[in-house]
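Between the sequences and the hints, there should be enough to build the whole structure, so can you do that?
Okay, so the sequence shown: first residue is 220 according to this note's numbering, each after it adds one.
Only true hints are included.
Each computed DSSO-like pair below joins lysine-lysine, with the alpha-carbon atoms no more than 27 Å apart:
| # | residue 1 | residue 2 |
| --- | --- | --- |
| 1 | Lys-579 | Lys-568 |
| 2 | Lys-553 | Lys-526 |
| 3 | Lys-568 | Lys-553 |
| 4 | Lys-546 | Lys-526 |
| 5 | Lys-556 | Lys-526 |
| 6 | Lys-289 | Lys-553 |
| 7 | Lys-546 | Lys-556 |
| 8 | Lys-289 | Lys-526 |
| 9 | Lys-568 | Lys-556 |
| 10 | Lys-289 | Lys-546 |
Simulated restraints, written as ranges between beta carbons of each label pair:
| # | residue 1 | residue 2 | range |
| --- | --- | --- | --- |
| 11 | Pro-513 | Lys-289 | 32 to 38 Å |
| 12 | Gly-462 | Ala-346 | 48 to 54 Å |
| 13 | Asp-542 | Glu-316 | 19 to 25 Å |
| 14 | Gln-465 | Arg-338 | 36 to 42 Å |
| 15 | Ala-580 | Lys-289 | 38 to 44 Å |
| 16 | Leu-240 | Lys-546 | 18 to 24 Å |
| 17 | Leu-240 | Ala-285 | 35 to 41 Å |
| 18 | Pro-513 | Pro-431 | 19 to 25 Å |
| 19 | Pro-360 | Thr-543 | 42 to 48 Å |
These are calculated hints, taken from the structure and not from any lab test.
Just so you know, these numbers come straight off a predicted model, no measurement behind them.
Yeah, the Cβ is synthetic: ideal placement off N, Cα and C, and Gly gets one too.
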Amino acid sequence: MNRNLLKLMALHSRFLRAHSLLPALAGSTRALPPAIVQLELTHRCNLNCPMCYQSRNAGAAGELDAAAWKRLIDSLPRWSLLTLTGGDPFVRPDFSEILAYALRRHRCNILTNGELMTREQISAMVAGGLALIGVSLDGLPDTHDAIRRKRGLFERVRENLALLREEKRRKNSRLPLLDIKTVILPENAGQLRDIQSLAGELGADYWSLSLPKVSRFQFSNLYRDDHEEVLRSGPEKTCLALGAEQQAELLGQLAAVSSAASGPVVRFYPYNMLSPGAVSAHLADSLSPSDFQPCRIPWSFACVSPKGDVFPCLACRMGNAADTPFKEIWNGEKFRKFRARLSKRTLDKCCLGCCYSVYKA
Numbered sequence: 220m221n222r223n224l225l226k227l228m229a230l231h232s233r234f235l236r237a238h239s240l241l242p243a244l245a246g247s248t249r250a251l252p253p254a255i256v257q258l259e260l261t262h263r264c265n266l267n268c269p270m271c272y273q274s275r276n277a278g279a280a281g282e283l284d285a286a287a288w289k290r291l292i293d294s295l296p297r298w299s300l301l302t303l304t305g306g307d308p309f310v311r312p313d314f315s316e317i318l319a320y321a322l323r324r325h326r327c328n329i330l331t332n333g334e335l336m337t338r339e340q341i342s343a344m345v346a347g348g349l350a351l352i353g354v355s356l357d358g359l360p361d362t363h364d365a366i367r368r369k370r371g372l373f374e375r376v377r378e379n380l381a382l383l384r385e386e387k388r389r390k391n392s393r394l395p396l397l398d399i400k401t402v403i404l405p406e407n408a409g410q411l412r413d414i415q416s417l418a419g420e421l422g423a424d425y426w427s428l429s430l431p432k433v434s435r436f437q438f439s440n441l442y443r444d445d446h447e448e449v450l451r452s453g454p455e456k457t458c459l460a461l462g463a464e465q466q467a468e469l470l471g472q473l474a475a476v477s478s479a480a481s482g483p484v485v486r487f488y489p490y491n492m493l494s495p496g497a498v499s500a501h502l503a504d505s506l507s508p509s510d511f512q513p514c515r516i517p518w519s520f521a522c523v524s525p526k527g528d529v530f531p532c533l534a535c536r537m538g539n540a541a542d543t544p545f546k547e548i549w550n551g552e553k554f555r556k557f558r559a560r561l562s563k564r565t566l567d568k569c570c571l572g573c574c575y576s577v578y579k580a
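Structural data, given as structure tokens:
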């Protein structure tokens, strides 16, 4: 594994912890300007994956236009990292315009399923210094196409990633880094080691493995003004329902993944859960808030919905950035009350399984 990438990942994690921990330890519900802002440019997508919540609210009605997104981008601290996502951001006809504007002002990441990006957009991403692109890949070719419900999808993604490698070589650039993202599902539980090897063949710098969410309010479009409704909600049963034989196979695959001597840097979400005991507890729905470290992410991170609603990791509406300056929302009364709730506890049950949560390994 690339030691420089491991160092970069460790440095990024330390920075996020320090950025969020300083005001939290001081007992302040106010936060420093956000380190990361996730811009959900649309809920629309070219796919219809069964594990995804976005299709419930996938119309274009009410989406901020390019001019509104530019105004919002201008209002954010210049050193904040922007993650541009959806739905799939490439669905928007004006995405190239928004991306070019964002890249001139911020370090940026993109999250996508990888099908729709064009050669011109790939060239612009490399030329503009995009930091990282995360591309979903949930199995070997037939498995990925079946999970994503689109025949031929895998090959189109492979072709686009080949174009990305070619453009990076042509411009002699290491950026954007490539992060292949895989959600562990019953359909791919026996393929993880093969997917890891495939990610390396595709030129991935990182391979991010995630357990399925167990709360419908985590990074969801079920926005609520009643925050207590969200915070009182409990985890739901994981969609990773495996029989004893398949569970044993999954644990064996994870052991092989963690011991691999080469290939992309492996990242596992939730953090510190790449172990048989932790994954077995997840599968048995036996994890509790006390198994996780206190969370400080809302001191460093915010999301903005396609309509401008600002929310933290959970779908608690804090205000609308099209109506109110972002900085007023970020340290406004609603956000501060939300942080106060977290600052007095470990995790709430609705936070179990969140990709930002940190397991007490």
